[in-house]
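Residue numbers (the numbering used here), protein chains in the order written: chain R, 1 to 154; chain G, 155 to 303.
Treat the hints as calculated values from the structure; they're not laboratory data. Computed from a predicted structure; not experimentally measured. Just to be clear, a hint being listed does not mean it is correct.
[To be verified] Computed beta-carbon distance windows for the label pairs: (1) Thr174(G) x Arg76(R): 31 to 37 angstroms; (2) Glu47(R) x Val297(G): 38 to 44 angstroms; (3) Glu208(G) x Asp24(R): 46 to 52 angstroms; (4) Ser301(G) x Gly121(R): 32 to 38 angstroms; (5) Pro78(R) x Ser301(G): 27 to 33 angstroms; (6) Gly246(G) x Leu108(R): 32 to 38 angstroms; (7) Gly104(R) x Thr174(G): 32 to 38 angstroms; (8) Met265(G) x Phe98(R): 16 to 22 angstroms; (9) Leu27(R) x Val297(G): 36 to 42 angstroms; (10) Asp299(G) x Gln154(R): 53 to 59 angstroms; (11) Ile52(R) x Ile204(G): 28 to 34 angstroms; (12) Glu56(R) x Glu172(G): 24 to 30 angstroms; (13) Arg76(R) x Leu164(G): 27 to 33 angstroms; (14) Leu164(G) x Pro78(R): 17 to 23 angstroms.
[To be verified] Beyond 10 angstroms from chain R on every Cβ pair, some chain G residues (computed): (15) Thr156; (16) Pro169; (17) Glu179; (18) Gly212; (19) Asp267; (20) Glu281; (21) Ala282; (22) Arg285; (23) Ala300.
Note that beta-carbon positions come from the ideal geometry of N, C-alpha and C, so glycine has one too.
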Amino acid sequence: MRRIRQYNHEMPVDDLQFDRSWFDKDLDAGTFRITRDMILDYAKAIEDEQVIAAAESSEPLVASPLFCSILTGRDRLPDLGLKWGRRQFHAGQGYSSFAPVKEGDTLLAKSRLLDVYEKTGRSGRMVFTVFELTYRNQEGEKVAAIRQSMVRQQ
Amino acid sequence: MTVYFDDVDLGDELPPVEMTVTTEEVMAFLHVWHGRRRNAFTSRFSDPEIAKKEGLRGAMVPGAMTMSLTGKLITNWAGPEAFHQLDVVFRGNIIHNDHLTFGGVITDKEMRDGQPWLEVDVYAEDEAGNRPVTGKAVVLLPVRDASLA
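Looking at chain R on its own, in the form it has when it is part of the complex (with noise of 0.2 angstroms):
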């Protein structure tokens, strides 16, 4: 596996192109306000029983464990330029829970740029890109993070 650039922006580059001031930067990614209906939603898309019974009260709703999981498709991220490759696909996934997120909450995203790097592996060159996005509610708590990994291919 090579290595990029991570941590030292001044090596040499080779033939991969792309915008590396995004390293090292926290970056609004969006503001969300949580809804009954998107923590139903989600719910619903996973067979979440517990939630879907705890809809059944109007107590406010507390959302499955990886509910902001559904955020990462609304998020913003920066466009790093990197034209390489014909396809990306999501290589994987780390999610970190620390509080639970409930309705009514406004959740503030932050992205950051951790790692760009490449494999060669059976289908030829790889290059993977990841970025870990945080969310905290209105009171400045942090409830969950996640580290997504996507990976381009020719």
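Once you have looked at the hints, place chain G on chain R.
Then chain G, alone, in the frame of chain R:
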């Protein structure tokens, strides 16, 4: 039924979760995942033709959804409060209506920084025996015997 830290041990297997991820469920997930994004329903996740042009067997289940379903292995067993962390690697594609078995085995158990810490190796296995998802979860269980804490 509450699962206690005191009552589990290394090598214990979690009760498996079996499911078929239907197109209807994927579309429901896409709805909440992408919100009002315009291209949400014209992608490899929703359109089999687009997926096949990319070399897939059919429309695929998004990784974010697979992650959520893998988490159910933990929450079905020990409840939502027990879930702390999950790291997964997507080693293969899961296609709509694939039948999956999610399983896990406890690989580490210790009090760490005063917390009852379990590590669980997790996977999703398809009917052919392939494991398109593997990973590790951290689970924090309640302690019955206070002297352990």
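Going through the hints against the structure:
1. For the hinted restraint 31 to 37 angstroms between Thr174(G) and Arg76(R), the CB-CB distance of approximately 34 angstroms keeps it satisfied.
2. Between Glu47(R) and Val297(G) the beta carbons are some 30 angstroms apart, a value that contradicts the proposed interval 38 to 44 angstroms.
3. Evaluation of the 46 to 52 angstroms hint for Glu208(G) and Asp24(R) yields a failure: the beta carbon distance comes to about 33 angstroms.
4. Taking 32 to 38 angstroms as the suggested C-beta distance range, the pair Ser301(G) and Gly121(R) does not conform, at roughly 49 angstroms.
5. For Pro78(R) paired with Ser301(G), a C-beta distance near 50 angstroms fails the hint of 27 to 33 angstroms.
6. For the hinted restraint 32 to 38 angstroms between Gly246(G) and Leu108(R), the CB-CB distance of approximately 35 angstroms keeps it satisfied.
7. As the Cβ distance of Gly104(R) to Thr174(G) is approximately 34 angstroms, the hint placing it in 32 to 38 angstroms holds.
8. The supplied range of 16 to 22 angstroms is met by Met265(G) and Phe98(R), whose beta-carbon atoms lie about 20 angstroms from each other.
9. Roughly 40 angstroms separates the CB atoms of Leu27(R) and Val297(G), a value that falls within the hinted 36 to 42 angstroms.
10. Asp299(G) and Gln154(R) have their C-beta atoms about 56 angstroms apart, which keeps the hinted 53 to 59 angstroms range intact.
11. At roughly 31 angstroms, the beta carbons of Ile52(R) and Ile204(G) sit within the given window of 28 to 34 angstroms.
12. For Glu56(R) and Glu172(G), the Cβ-Cβ distance of about 26 angstroms falls inside the hinted range of 24 to 30 angstroms, so the restraint holds.
13. As the Cβ distance of Arg76(R) to Leu164(G) is approximately 43 angstroms, the hint placing it in 27 to 33 angstroms is violated.
14. For the hinted restraint 17 to 23 angstroms between Leu164(G) and Pro78(R), the CB-CB distance of approximately 43 angstroms leaves it violated.
15. With 10 angstroms as the threshold on Cβ separation, the claim that Thr156(G) sits away from chain R holds: the shortest Cβ distance comes to roughly 14 angstroms.
16. Chain R leaves Pro169(G) outside its interface by the beta-carbon criterion, the shortest separation being 15 angstroms against a cut-off of 10 angstroms.
17. The Cβ of Glu179(G) sits about 6 angstroms from the closest Cβ of chain R, inside the 10 angstroms cut-off, so the non-interface label is violated.
18. At roughly 15 angstroms, the least C-beta separation between Gly212(G) and chain R is larger than 10 angstroms, which holds for a residue marked as non-interface.
19. Its beta-carbon lying about 14 angstroms from the closest one in chain R, Asp267(G) satisfies the requirement of being farther than 10 angstroms from that chain.
20. Look at Glu281(G): its CB is around 19 angstroms from the nearest CB on chain R, clear of 10 angstroms, so calling it non-interface holds up.
21. For Ala282(G), the shortest C-beta to C-beta distance to chain R comes to about 19 angstroms, beyond the 10 angstroms cut-off, and the non-interface label holds.
22. The beta carbon of Arg285(G) sits about 14 angstroms from the closest Cβ of chain R, which is more than 10 angstroms, so the claim that it is off the interface holds.
23. At roughly 24 angstroms, the least C-beta separation between Ala300(G) and chain R is larger than 10 angstroms, which holds for a residue marked as non-interface.
Checked against the numbered hints given earlier, this structure breaks hints 2, 3, 4, 5, 13, 14, 17; the rest are met.
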